[in-house]
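> Residue-level listing of the chains:
Number of protein chains: 2
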Amino acid sequence: MSLETNRTRRSFAMHEAVAILSRTPATLDAQLRGLPDGWVQAHEGGQTWSPFDVVGHLIHGEQTDWIPRARMILEEGESRPFEKFDRFAQFDASRNRTLASLLDEFAALRGENLRQLAALHLTEADLDRRGRHPELGVVTMRQLLATWVAHDLDHLTQISRVLARQYSDEVGPWRAYLRIISGSQG
Amino acid sequence: MSLETNRTRRSFAMHEAVAILSRTPATLDAQLRGLPDGWVQAHEGGQTWSPFDVVGHLIHGEQTDWIPRARMILEEGESRPFEKFDRFAQFDASRNRTLASLLDEFAALRGENLRQLAALHLTEADLDRRGRHPELGVVTMRQLLATWVAHDLDHLTQISRVLARQYSDEVGPWRAYLRIISGSQG
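Going down the list, the protein sequences come from chains A and B.
Heads up, the final residue of the first sequence is numbered 186 in the working numbering, and it's a clean run with no missing numbers.
Heads up, the final residue of the second sequence is numbered 186 in the working numbering, and it's a clean run with no missing numbers.
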């Protein structure tokens with residue numbers, strides 16, 4: 001038996017994080033642009049979010065969360081906590097917008113933020129620099145940037161899950177095989 | 001209080017199913033093509049699948065599952081069960097392939113299968129026609145096609161989940177907020 005490389009965890013590497021972050025706008029665009037409106041506005045009941053809501057949330061993150069917090073770590077360290085992130089800002093901000101315009105805005109903001117990230121020329125030592133989250137306490141630049149990546153992927157998962165569950169009844173007996181509908185983790 | 005339209009379930013509609021099915025190749029392409037190999041080969045431990053494995057699995061579905069089964073429903077009805085689907089075929093079939101070539105093949109097969117689906121000119125009555133699944137028993141054409149859609153979305157969810165979990169440690173205290181890592185359903 002040979003020792004296999006660990007395929008379940010990766011260490012943070014800036015070029016890999018950027019590879020994923022830079023792909024999110026086109027991924028969302030390919031999946032959602034032009035989709036019938038009933039799917040774009042679909043959700044999982046109650047106060048859960050639709051794909052439309054998620055894109056608005058991602059826009060708000062580009063505007064107020066990731067790069068502004070990275071700058072705060074560099075400029076203020078642990079001395080002042082980050083601004084709290086408003087998880088509901090998109091409900092007002094996206095009102096009367098089209099999905100197409102939200103996708104365009106997200107792509108533009110993400111591109112600009114990745115240019116700003118590159119311009120910071122962060123070193124390995126910078127990745128260890130610390131800031132203060134208003135609820136989670138001390139966090140590092142590396143953790144902030146890894147979370148930016150995982151947060152994108154979390155919401156991509158959410159979008160496909162919301163869409164899949166629209167057919168929870170229509171799939172009939174196949175429901176048992178579809179983990180996203182049956183709820184079992186696979 | 002007004003009655004809100006149900007946003008948690010949709011009835012099967014052919015043009016909507018095709019809208020989703022036709023977007024999957026470009027969605028996978030945008031997310032995965034050119035991603036560093038460590039991410040393409042990442043998995044969740046044990047016998048779980050990587051993004052590379054998932055694309056191979058989707059290819060095998062195009063070759064042996066969806067359209068062949070639709071034809072069996074039309075030609076044989078409930079008289080003969082579908083061929084069993086091999087959930088592990090991709091491990092041999094994808095060996096020594098590049099992700100780029102798998103993405104190309106999947107896109108070509110999906111395009112051809114959607115052309116074949118259109119050429120079947122299925123009516124509403126056809127969607128009620130029945131076939132026999134080797135394990136699940138009697139199923140309808142509508143259920144088969146809805147499952148094709150949900151199956152795509154299930155695996156898109158899987159890919160983003162596998163990628164996100166690679167940073168389970170790197171996100172530090174933010175782990176608590178990332179449902180895809182913490183494991184809570186949101």
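Do not rely on the hints blindly, as some may be mistaken.
[As the list claims (entries may be wrong)] Derived list of chain B stretches under chain A, where covered just means 3 residues or more per stretch with a C-beta under 8 Å from a C-beta of chain A:
hint : segment
1    : 54-61
2    : 78-90
[What the hints assert, rightly or not] Output of the computed footprint for chain B on chain A, the stretches with three or more beta carbons under 8 Å from beta carbons of chain B:
hint : segment
3    : 54-68
4    : 89-97
5    : 113-119
6    : 161-174
[What the hints assert, rightly or not] Cβ pair distances, simulated, as ranges:
hint : chain 1 : residue 1 : chain 2 : residue 2 : range
7    : A       : Ala119    : B       : Leu120    : 29 to 35 Å
8    : A       : Asp37     : B       : Ala100    : 29 to 35 Å
9    : A       : Phe88     : B       : Ser11     : 39 to 45 Å
10   : B       : Ala125    : A       : Asp37     : 41 to 47 Å
11   : A       : Arg130    : B       : His15     : 34 to 40 Å
12   : A       : Val138    : B       : Glu83     : 45 to 51 Å
Simulated from the structure, these hints should not be mistaken for lab results.
The structure displayed is predicted, hence computed values, not measured ones.
Think of the CB as a built atom: it goes at the ideal place given N, C-alpha and C, for glycine as much as any other residue.
> Against each hint, give a clear statement of whether it holds in the structure.
Checked hints:
1. Judged by the Cβ-Cβ criterion of 8 Å, the segment 54-61 of chain B is not covered by chain A as claimed, because only 0 of its residues qualify and three are needed.
2. As drawn, the segment 78-90 of chain B meets chain A at 0 residues by the rule of a beta-carbon pair under 8 Å; below three, the given contact is violated.
3. For a cut-off of 8 Å, the count of residues in the segment 54-68 of chain A with a CB near a CB of chain B stands at 0, and the three-residue condition is violated.
4. Only residues whose beta carbon comes within less than 8 Å of a beta carbon in chain B count, and the segment 89-97 of chain A has 0; fewer than three means the coverage is violated.
5. A count of 0 residues in the segment 113-119 of chain A with a Cβ less than 8 Å from any Cβ of chain B is obtained; the coverage claim is therefore unmet, three being the minimum.
6. For the segment 161-174 of chain A, the proposed coverage by chain B is satisfied: 13 residues have a C-beta within less than 8 Å of a C-beta in that chain, meeting the threshold of three.
7. A hinted range of 29 to 35 Å is violated for the C-beta pair A/Ala119 and B/Leu120, which are about 54 Å apart.
8. Checked against the hint of 29 to 35 Å, the C-beta distance between A/Asp37 and B/Ala100 comes to roughly 34 Å, which is consistent with it.
9. Look at A/Phe88 against B/Ser11: about 30 Å separates their beta carbons, and that is not inside 39 to 45 Å.
10. The beta-carbon spacing between B/Ala125 and A/Asp37, approximately 28 Å, falls outside the hinted interval of 41 to 47 Å.
11. Range check, A/Arg130 to B/His15: about 53 Å between beta-carbon atoms, so the 34 to 40 Å window is missed.
12. Checked against the given bound of 45 to 51 Å, the beta carbons of A/Val138 and B/Glu83, roughly 57 Å apart, lie outside it.
Hints 1, 2, 3, 4, 5, 7, 9, 10, 11 and 12 from the earlier list are contradicted by this structure; the remaining hints agree with it.
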